[in-house]
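Using the sequences and the accompanying hints, generate a full structural model.
Just so you know, the sequences run in chain order P and Y.
Taking numbering that gives the first Met the number 0, the leading residue of the first sequence gets 0, the next gets one more, and so forth.
Taking numbering that gives the first Met the number 0, the leading residue of the second sequence gets 0, the next gets one more, and so forth.
Each hint should be verified, as a subset may be incorrect.
Claimed, not checked - With the Cβ distance kept under 10 Å, some of the chain P side facing chain Y (calculated, not the full set):
id, residue
1, Ser1
2, Met27
3, Phe28
4, Leu54
5, Lys64
6, Trp69
7, Pro70
8, Val82
9, Gly83
10, Cys85
The set of hints was computed from the structure by calculation and includes no laboratory data.
Backbone N, C-alpha and C define an ideal beta-carbon position, used for all residues, glycine too.
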Amino acid sequence: MSDNPTFNQIEEEIKENQVVLFMKGTPMFPQCGFSAAVTQALTNLSVKFKGIDVLQDPALRDGIKEFSDWPTVPQLYVKGEFVGGCDIIREMYENGELQDMLKEKDVEFAG
Amino acid sequence: MAMDASEIEQMIKAALPDAQVSIEDLKGDGDHYAASVVSKEFIGKNRVKQHQMVYNALQGKMGNQLHALALQTNTPDDA
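Here you go:
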């Protein structure tokens, strides 16, 4: 555990949930095109995921960038591991790597 | 606040001198770019790490002055 409560909160979320998307807006109402694109890819694969809206919490919005050493949102975590942002997820979805990774990590999906 | 494509290219090349960088201004507004970066420094590193190296080269501008930079990284062998 770290001394940073935001880091602890992030660690908790990615431990408790198999697939977590830190995003702007919600899966139903993404507030940014990049978050919408990743939501769409996960939805197409029927992956169950928890969307966490960083716009609701300024500490989380900054904290997640520091936590992952990644300057932008969205950010996808699968089984506690940072997979990437919008460009990486889109590329992985298009070439089938995302599907392979989900299979390898034993995450349920369709398609 | 927007950034020039040439400024982005210079910053990437300062950190990755061998890099072949091509940048496209997607909307012509100086704020939405796509960049392809090819460098031998990427060899043996996964894509997350490769992108982090480019973001580090941009010294905090990504996500701030630079709103959108769609990034594709490759090693010379893949390119």
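Hints and how they fare:
At its closest, the beta carbon of Ser1(P) sits 20 Å from a beta carbon of chain Y; the interface hint therefore is violated under the 10 Å criterion. Annotation: Met27(P) was flagged as interfacial toward chain Y, and the flag is violated, the nearest CB pair being 23 Å apart, outside 10 Å. Here the hint on Phe28(P) is broken, as its CB sits about 20 Å from the closest CB of chain Y, past 10 Å. Among the interface hints, the one on Leu54(P) is violated; its C-beta lies about 14 Å from the nearest C-beta in chain Y, farther than the 10 Å criterion.
A least Cβ separation of about 7 Å between Lys64(P) and chain Y falls short of the 10 Å threshold, and the interface hint therefore holds. Interface hint at Trp69(P): satisfied, since its Cβ lies 7 Å from the closest Cβ of chain Y, which is below the 10 Å cut-off. Because the beta carbon of Pro70(P) sits about 4 Å from the nearest beta carbon in chain Y, less than 10 Å, this interface hint is met. Taken as an interface hint, Val82(P) checks out: its beta carbon lies about 8 Å from the nearest beta carbon of chain Y, inside 10 Å.
Interface restraint check for Gly83(P): the shortest CB-CB distance to chain Y comes to about 6 Å, inside 10 Å, so the restraint holds. For the restraint placing Cys85(P) at the interface with chain Y, the shortest Cβ-Cβ distance is roughly 8 Å, inside the 10 Å limit, so the hint holds.
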